[in-house]
Amino acid sequence: MTDMQKLYLLVPLAPLAGALLAGLFGKAIGRAGSHIVTILGVAVALAASVVIFQDVQAGNTFNGTVYTWMKSGNLTFEVGFLIDPLTVMMMLVVTFVSLMVHIYTIGYMHDDPGYQRFFSYISLFTFSMLMLVMSNNFLQLFFGWEAVGLVSYLLIGFWYERPTAIYANLKAFLVNRVGDFGFLLGIGLIAAYTGSLNYAEVFAKGSELAAQDMAVTGWPLITAICICLFIGAMGKSAQVPLHVWLPDSMEGPTPISALIHAATMVTAGIFMVARMSPLFELSDVALSFVLVIGATTALFMGFLGIVQNDIKRVVAYSTLSQLGYMTVALGVSAYSAAVFHLMTHAFFKALLFLGAGSVIIGMHHDQDMRNMGGLWKYMPITWITSLLGSLALIGFPFFAGFYSKDSIIEAVHASHIPGAGYALFCVLAGVFVTAFYSFRMYFLVFHGKERFGNNHGHHDHEGDHDDEEVSADHHHGLAPGQKPHESPWVVTLPLVLLAVPSVVIGFFTIEPMLFGNWFKGVIHVGSNHVGLSELAAQFHGPVAMALHGLQTAPFWLAMGGVVLAWFFYMVRPDIPAAIQRTFRPVHALLENKYFFDRFNEIVFAGGSRLIGKGLWKAGDQGIIDGVAVNGTARLVGWVAQISRLFQTGHLYQYAFAMIIGVFILLTFWFNLV
Amino acid sequence: MNFVVPDFYPAAAEILVAVMALVIMLASTFARRVASDLAYGLTQLTLVFAALVSVLVSPNLLAAVAAVISELPLFGVRLAEVLMSLAEGYAANEVVATFSGMFIGDMLGGLLKVFSLLAVAIALLYGRGYLADRKIDRPEYYLLSLLMSLGMMVMISANHMLSLYMGLEMMSLSLYGMVAFDRESPRATEAAMKYFVLGALASGLLLYGMSMIYGATGSLELSGIAQSIYHQAANKTVLVFGLVFIVAGVAFKLGVVPFHMWVPDVYQGAPTAVTLMISSAPKLAAFAMAMRLLVYGLFELADQWQTMLMFLSVLSIVLGNLAAIAQSNIKRMLAYSGISHMGFVLLGLLAGVVDGDRNFALNAYSSAMFYAVSYVIMSLASFGMVILLSRAGFEAETIDDFKGLNKRNSWFAALMMIVMFSMAGIPFFIGFFAKLSVLQAVVAAGYVWLAVVAVLMSVIGAFYYLRVVKVMYFEEPVDSTPIRAQGEVRFLLSANGLAIAVLGLLPQGLMSLCAYALLASL
Amino acid sequence: MDFKTLVFYILSAIMVFAALRVITSRNPVHAALFLVLSFVTAGGIWLLLAAEFLAIVLVMVYVGAVMVLFLFVVMMLDINLDRLREGFWSYLPVGALIGILLVVEMALVLGGRYFGLEAMPEPPAVQAGYSNTRELGRLLYTDYVYPFELASLLLLVAMVVAVSLTLRKRKGLRQVNPSDQVAVKRGDRVELVSMPAEKE
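Residue numbers (the numbering used here), protein chains in the order written: chain A, 1 to 673; chain B, 1 to 522; chain C, 1 to 200.
Heads up, some of the hints might be wrong.
The calculated lysine to aspartate or glutamate pairs, modelled on EDC-like cross-linking and capped at a C-alpha distance of 16 Å, are [stated by the list, open to error]:
{"hint": "1", "chain 1": "C", "residue 1": "K4", "chain 2": "C", "residue 2": "D143"}
{"hint": "2", "chain 1": "B", "residue 1": "K403", "chain 2": "B", "residue 2": "D355"}
{"hint": "3", "chain 1": "C", "residue 1": "K171", "chain 2": "B", "residue 2": "E184"}
{"hint": "4", "chain 1": "B", "residue 1": "K407", "chain 2": "B", "residue 2": "D357"}
{"hint": "5", "chain 1": "A", "residue 1": "K6", "chain 2": "B", "residue 2": "E71"}
{"hint": "6", "chain 1": "A", "residue 1": "K449", "chain 2": "A", "residue 2": "D574"}
Read the hints as simulated data drawn from the structure, not as lab findings.
Use the sequences and the hints to build the structure in full.
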């Protein structure tokens, strides 16, 4: 094992060690001890990632097995690392954001009794996520996939005394099972048709797969594989219609929302599809499917952000929408743009979430934006950093989000794949919507009239959807006359540290990542797809791109959104209420999240209840109860009876059984001779 | 008189244990006041040292262990060097026979000895508090467990029917004594009585079979028997006749149907600490006995004994799993589950030779060995949990006693869940890989139907394991007494439970150790 | 048929009869005595095989020691054999059937076909001055020293088990503990009380 390989191993193991120490010996090492060991673990991982990053820049990639788990037939299950530019970029993002969240948590969870447990979980999450991104084979990918999911459920249900948290937990679990089922099916198909689980080996057989049809059904194999894999990504990256779990996951503590449900875990699906680009490139049908799903998510989830009143939910819906953008980029073969947006988004979305968390601390755990306003006076650092984050989110030129989002829009524009027209409309409209809800939140929280301190009338507010009940139930809010105050330095430091990359990272990295050779050999774009090639021809440096961006439609759409938000919420706050009254059906539609939950409840839950009832009547009582269950029960009972008959406790019967055994053996094998 | 003084070196561990047994007996006689503590401490020391010595005297095992240790961080390399230097100057062969060919020192034996000695040590540690609570932690108990270990070591290293039988009797006799150790308990006495009488019957069967084999081959030494059969010098009918009785004797020790009748009664009746003992290390010794007798001695008859084992294993897996469902006593349930697990071990043993082709042997036997070792690890943890929950005047032996364990102590509930999942064969715990490797061996040997039966039954079997989990997590505790145990028991039980999970994630090391042991010894 | 063969058959017949009576006789004392008889006849058969040491040891150990102890136990404890025989008759048919079948199978194997003189050649005659006892001793302490030593430990196990299961202090039983008596100090028994010499 070379020194570099040891370093690779160190990256995931350091957070794991921290998690184990904090988890198992949390009581012994105390609260301070737990956050020190976990932060140390993640910091070590970050430092090691930086070293590896420099090593990769020098051209040293690695693809190999660290440990052979077991051999089963001709399939080998291995733990292996694939260290290439894509991996190392993900490693940096994960460890950096994770470190920020660790530090932030010290302040946010300060009074929580589950302090050690929480640190243990987030370090465990970091470990799982690193295993996921560093994997060189499908099995380990799946392991990381399930492990991050597990930690995510644990954290959504972190406050397990709340029934809503348990419900959200269950929902996330069930919805993700649907995705995982597809994912596992895809892996199974790959294993069945290529006989390997190693990325490199599978990609080498890609063209072979493309030529085949699936047995029995006759579907083109590669399309089936890609769509199955993408269904997995839909679950984890919350794409329509498997998105329903993500907004509810905001039941978890805010640092988690930042780390898992915004910056890293939910991007696992995007990462996976980018990693599988050699396979996806072989199927236009799958790419179109990806594109349409992504575009739908990008626009329609954005709409929902407009009507939310819970500050975290606004950010959650914006996450959904941005994930949609990334998926769109995948669909038009602009994988590097997707990954690029993934990276910039990780920084500014983590920033926005942590900013929202800081506001929540300041408001004493009141999350309702209608109770805020004018906070800029009291929380200056949070205010400035949130503004920067919002600007990055709406894609204001020179900010990180601008470069990534603009590249995606341009890539969609250049693409000819079926569905690209619809996608272009969605992403353009999405820009306007994004700007509108982002600044609606910004204005409601930081500017305007100070509405806090009178939340004893909280229940009288008109909106009665469940988000609010959630916040009313167990959040305290500020007492009358009490003023919010800026959060402690452990909270604001990560905000500042995250604000820096949110502003500048796009400017510095767009050239190597999108148009340079950074992803060469890692991300594969087929010759029949446009990808980013047309864009590359027009690219003349980041400054030129930003200046050009000032004259394009997305910029003006975004500006329009900001101005509209300013007008509605700063100048004439009566207008939104009027609109809401006039377009009551639309508002109801949005308020109820397009009735997705209702639909699921009625169709899936109700339907399965109905089917269950039918099956129960016909099948269960008749066949299963009658034959299978009762039959089995009768069989088991019978065997138990028989064995009880022998197991009497009488010694001579036991001895007799042995003699009979000898007799049977003797009689049967005697004849064989 | 051409007698040469035998080479004692390969049997150093046995000699150590024998001498220490005598020392402990004398010491505890003269130090009455601290006799129990003294005997316990010395026994533990002896067991650990004997395990170390077993490693040192087996060059292959030593090399394998040193290789593992040198991978450890910090002082790993240094430690491995120290270990190697300890054994320097004793250039023993890979396989060495001594005591006129009655004792064989090989890696298989070395590895099994290490595992069984450690299993006994862990079982003693778990059981100490239990015995103390019931005021039966007399020094004789530790003396007997040490002599039982000696018996197992003799069995494991036996190359001669006589030494094998001696080891078997020494182990069994000590166990009978330990089962009856709680004199005030009529249940324990009854169980001991049954165990003793049936054990005597099984010994009789085994001896009868041995005498037949001796009659046919003129040899009691296992390698001599194998030679004689190989040269077709022995009459096949007599051999198979003897084989039946030998298989019966082995089957009794493993506790497989229909020689299993003692298992549920003894497991339930014996003090839990003793049940823990019976269900762990002796299973390894029984596995070694099967290997020595059937594979080393009677390998030429594999066609015959494989089909016999098939019959026994199917019966065990079916009856063990079905009967376990009907149990409400967890010790009894685990007894039936043990019967089905032993059926799985037999599955591995019966897949070694296919139509005279011996290429499957290594894989099949190593899978059986892996299964046996995994079972011992799981069994230690499961009965360890039963001991943990019981206290003076209270035996946590019904499944209902596990109700709401999660509310009382979520850490141990999680451990018990790991154990139950592993026993049920749910991925990714060690039990899953044990089942997987055995089933692979069976399928490779062409007995697909056997694998299907085994899988089907273990799916049915998963029910009763999951019931325990359900009871722990979804029911309200009836008993809210806090769980008390000494620190070392808590620690070791946790390590034991986690080992099941960790080995489930990284099973390759143990698997290849088993395979390598067989490769170096066959 | 020479004399030796005749003696063999007579002894064997007695032994089989005695063994059957051990399990069929209703009186446990009779059963034990029949067991003694079967041991003695077995010793006789061993004598025929020129294993005189073993024959004598069998009679001395089993008949002289073990069975006497056994008889003591049987006579001192009042064992109700009828209760032990409960269910004997209901199990007899199937038990007898299996038993007979087993005997038939064993007879098929153990008959002269495989164990006759052709299959098992007679061992070479011993030369004059050969001592069975001496040979046994030599083997026990050389080639078989390993199982011999193990046997000693096995006996130790039996002793330890027997002692630890039976030696106990019963409550309410008056007994003397010599070591306590020896260890007694003056202070344990005598208390010196200082008190004024005269009454007040």
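A quick look at each hint next to the structure:
1. C:K4 <-> C:D143: This hinted pair is violated, its Cα atoms lying about 32 Å apart.
2. B:K403 <-> B:D355: violated, 51 Å
3. C:K171 <-> B:E184: holds, 13 Å
4. B:K407 <-> B:D357: violated, 55 Å
5. A:K6 <-> B:E71: Distance of about 12 Å is within 16 Å: holds.
6. A:K449 <-> A:D574: holds, 14 Å
In the structure shown, a violation is registered for the earlier hints numbered 1, 2, 4, in ascending order.
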